Amino acid sequence: MLTIAISRNILSPPCFIQPGQKYLMSKKTASILLLFILSLILVACGQSPAHDDSQKAGKKGESEQNSLEQLLPAHGDTIVVGSIGDASNLIPLLASDAPSHQVAGLVYNGLVRYDKNLKMEGELAKSWEISNDGLTITFHLRHGVKWHDGVPFTADDVMFTYRLIIDPKTPTAYAGDFEQVKEAKVLDPYTFQVVYEKPFAPALASWGLSILPKHLLESQDITKSSLSRHPIGTGPYIFSQWKGGEKIELAANPDYFEGQPYINRYRYRIIPDSATMFLELKAGNLDWMGLTPIQYNRQTAGKKFKGKFNKYNYLSFSYTYLGYNLKNPLFQDRRVRQALSFAINKQELIDGILLGYGRVATGPYKPDTWFYHQPNKKYSYNPEKAKQLLREVGWQDRDGDGLLDRDGHPFIFTVMTNQGNTLRTQTAVIIQRRLEEIGIKMKIRIIEWSAFINEFIDKRKFEAVILGWTTGQDPDMYDIWHSSKTGPKELNFISYKNLEVDRLLEKGRHTFEREERQKYYDRFQEILAEEQPYTFLYVPESLPIIAARFHGIKPAPAGISYNFIKWYVPQTLQKYSQ
Amino acid sequence: MTFIGKRFALMIPMLLGITMISFLVMNLAPGEPIDVLTNLNPKATAEVRERLRSHYGLNQPLPVRYVNWLKRVVRLDLGYSFAQDNRLVWDKIRERIPITLTINALSLLLIIIVAIPIGIYSAVHQNSLMDRVLTIFVFIGFATPTFWLALLLMILFGVHLGWLPISGLESSQVTYAGFWLILGDRARHLLLPVLVSAFGGLAGLSRYMRSNMLEVIRQDYITTARAKGLKEIRVIGKHALRNALMPIITILGFSLPGLIGGSVIFETIFAIPGMGQMFYGAVMARDYPLIMGTLLIGASLTLVGNLLADISYALVDPRIRVGNND
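Residue numbers (the working numbering), protein chains in the order written: chain A, 1 to 578; chain B, 1001 to 1326.
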């Protein structure tokens, strides 16, 4: 009898996790971790809150909005945003998770940012010059900007932030870009200059990092600063309170240098379970959340939602791929990889798993960016072609067991993916079936995130993986594709090596001129398409839903939140007074 | 009193052993605290990783790290969390204990209030129809997945009827209201979580109560009491119940550590920032100091709970007092 009691909630021994519930939860946390990690690239170079991915406007949202468009902008109201995870640290350079950056992005500013069309524009810097040799960037800062505590913002704050990030004692994951800086100088209180060793194209974007207040952080241990829990920045919103694991609240900054935001309060509610979050939305307690394809397509179609919410959809800055370990003899011949790409029906994956909310990936870039190039080599679903390519390499079903074989060995391999991402698991299952049809047996293994990375990816103990990358607003992909990046813990874990790609990537990151860069990256995409080191699968869409009372939302290549401070609720529609 | 002293002295090596094994097992899990920051992150170069490792002292050998941890703990310092917030472990735990404790205490109370009468009734009317119905009822509670039941109740009371809040601990506007309003709001938020968690716990205690009671009412003194002509309610309520309740003390002792241990799934569903979520997050992020801190508190409470159970046993039942059995 006692044992029965013990396995249940309240009468349980000091194990804090209930057996049997582990599986379900670790899925979730793994996917959060994944989101954190993958959002790094994006977050490191941009100030915009998450959901800043972008593309074609959600037509649905716009049309429903038109009839109300004559309602005038007004200050007031609160927006309640739902998030699966809590922020960890509101000093952005110490945090790598999406929630922290989403909240801190409204409190702090960078020197520069991406505008709605993904071009650089000034934020705290009103202008900048890049010297002809591409080595020196001089920033001219805005005058009259004040920290939320009233102290004026100057170039000393920029200098302080730079020193902090390169200080070996600062536990930050973002020091990499700034280690390229040879010298940083404060020329006068409103002019800041950096000199680089070599021209470095992603340099400008790296100055989108949040600038921190020198007067509050100087001569203290950054890791113990109270700003982690109570940030003080220059941004459009002033921090007001944070209840751990419950919510974070911000209030509009009346003195913001781009004008006071219309929406008075920003409430970030932490609801770790997505089903619960959806119920809260349905009950009208949330104004903004990201939906899954099934929620977007089916569950938000009813009358509970009609007229109360607008839905948007645009391509996200990410893609999912099937990556091959190129050290494995099985995948060393390019024709084998091409055959696998022909054997997989990518559109079927998008229709089946994303319910159509995505696009076929042809390479590592999002199809609507300036650096995207449609390669000449295409891989439409063609199992016959796949079989023929495999025959060329010697893979044939000689013993009639339905599996291709060569030298007496059947074509069998294992694909691994991380636990917690159902989209990836489903992708694996559909691919498994398609490959079976051409006589390849693919086994699927799903492993907890940390063990997956440490035991299999880092040790190169995998044959193939299904994973995803978050792509940035800059085409630099040196870290993922350059042959020098195949060391332990480095990101070219499939061990891809192509000397021409190496050269193109080096040229690309050392060139500022856009047209010239584009040429390098066009060629880079052609080579990847030909060689298929990954089978690029799909680019999913972001599917946010926002309460209909919010006006002024204009989807653009950068997503929807780039103009958040211009969103408003007309006076008559305002819901919250406080 | 030497009994208590002896038991106390025994607890120290036990606690030491628990922490040592926990520390070891925790470090055997693949991955490191810095993984969250650095894995698959193109901005995290090898130097950055080394820097972070030495910042957290991960470059020292395991025994050294354990001894360092122990030295701090002796001074009642649980250290700083390895999570990106770098907060004191004690602060993080302290922040989350009240809510977990409240829910668990209320739920335990509810279980006791409901399960004990069910157990008594079932024993007294053994194998009756009602006994069977109650048994089925408590086992349905036991077998129902918490998350499923919680979602159904949320849909009914939160979305369709709109009577109760769906998740969280307080309504958005209530921060600015008076004390009674805040209390009422809090109660409305806690209603579903407490009910759901109590429902699952009924089976254990009521079945335990039932079997104790059955054992007791077959004893001779109960027959004697009945033979004396006492009313049945007095026989059961006074003579039988007293003795049948004794083992419940053990259960209460065991449930002491359970009071601060939250259930992950349950807290996640209701968006309650409790101990379960925190500990789970700490494990996934390999936040060693936070894991150790929570385990230490849990282990201490288990030991103290056992001790209290033993002591109260000794107080209630003279037969267990030390000395008698040797």
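Treat the hints as calculated values from the structure; they're not laboratory data. Among the hints, erroneous ones may be present.
[As the list claims (entries may be wrong)] Mimicking BS3-like on lysine-lysine, the simulated pairs with C-alpha atoms at most 27 Å apart in a straight line are: (1) A:Lys-214 x A:Lys-185; (2) A:Lys-459 x A:Lys-119; (3) A:Lys-243 x A:Lys-126; (4) A:Lys-169 x A:Lys-377; (5) A:Lys-224 x B:Lys-1231; (6) B:Lys-1071 x A:Lys-169.
[Claimed, not checked] Non-contacting residues of chain A with respect to chain B, defined by C-beta distances greater than 12 Å in every case (computed): (7) Ser-88; (8) Asp-97; (9) Gly-176.
Predicted model only: the values in this text are computed from it and were never measured. Virtual Cβ for every residue (Gly too), placed ideally from N, Cα, C.
- [ ] Hint by hint, work out which the structure violates, then give me just those numbers in ascending order.
- [x] 2, 3, 4, 5, 7, 8, 9
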